[in-house]
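Peer 1: Below, each chain spelled out in residue letters.
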Amino acid sequence: MPEVVLEIPARPEFLALTRQVVAAAVSLADTVSADRLDDLRVAVSEATTNAVEAHAQVGSADRIVVRCDLASDRVEVEVVDQGGGFDPGSVGQAPAAEDEDRLAWEHGLGLSIMRELTDETRIVPTPDGTAVHLVVYARPPARAGEDEADREGREDG
Amino acid sequence: MFCDVSVTERDGWAVVHLGGELDLASVPAARQAVFEGLQRGRGRLVLDLTDLAFVDSAGLGVLLGALRRVNEKGGELRVVRPGPGPRRAFAVTGLDALLPLVATLDDALASDGGGGTTGA
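Sequence lines, in order, name chains S and Z. According to this note's numbering, the stretch in the first sequence is residues -15 to 141, in order. According to this note's numbering, the stretch in the second sequence is residues 68 to 187, in order.
Bound conformation, chain S alone:
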């Protein structure tokens, strides 16, 4: 499957470039809708922001690698950092939006947004840091069969 790989310095000013390159690559593949591309753009920004902050915390000058796999049925983006690792279990559930604790918890909001806006979000520890996999299907997998049936139904009628 076609793959686009981007390496960026671990600095906030490269977040916009990362979103632009991923969005342009996904647009070329033309597998997901504009709305889903907007969702993926936010999720990629969250994953890359976490990577930038992880590098800053450990003082790493290494680059962050963003890899886009453009399959016919899905887009998979992998954001790989060398920022020493991250435990998704430590973030916990979001306090209610109006809860004062929500503000203190804001830092973990990115993970929650990634999970909400993609079909799959996987956080995979690596020897040097973390790889975040974000997957958006061309069509939601659970509903693919129904859509197929719907279309056949319409063609019959």
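Think of the hints as simulated: they come from the structure by calculation, not from any bench. Bear in mind that the values here come from a model prediction, so they are computed numbers and not experimental data. We treat Cβ as the ideally placed atom computed from N, Cα and C, and that holds for glycine. Any given hint might turn out to be false.
[As the list claims (entries may be wrong)] To be clear about the criterion: a stretch of chain Z counts as covered by chain S if any three or more of its residues have a C-beta under 8 angstroms from a C-beta of chain S, and this derived list gives those stretches:
hint : stretch
1    : 77 to 91
2    : 125 to 136
3    : 156 to 169
Got chain S sorted already, so can you dock chain Z onto it with the hints?
Peer 2: Relative to the frame of chain S, chain Z by itself:
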């Protein structure tokens, strides 16, 4: 610069305009503008998001911070609703229900907030 930030005063309100892309790179400028707006408007703050093209959790944190500071001061906050791009981020975080959103800047500056704020 991907984010366009300005602070103006109108009709007794400070208007902080946040346009373009609000992410970790533009958060410091946005936060500074909110701080300046709170001082200049004496707690009466409008966040104008009309031209906001993109926001992620780092940027949403600035908006939440503005709400918290206005509440601490006993001030008033009105937020001009962004276009379609950032709306999903608002919806999935529940911020569209939490922030006092209005449709236009004129509504925000009207004495009654343009006939009341609009929820989700």
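Peer 1: If a hint holds in the structure, say so; if it does not, say that too.
Peer 2: Now for the hints, and whether the structure bears them out:
Check on the stretch 77 to 91 of chain Z: 3 of its residues sit with their Cβ under 8 angstroms from a Cβ of chain S, so the three-residue criterion for coverage holds. Coverage of the stretch 125 to 136 of chain Z by chain S holds [criterion: at least 3 residues with CB-CB distance below 8 angstroms; count 6]. Beta-carbon proximity to chain S at under 8 angstroms applies to 7 residues in the stretch 156 to 169 of chain Z; the threshold of 3 is reached and the given coverage holds.
Of the numbered hints stated above, none is contradicted by the structure.
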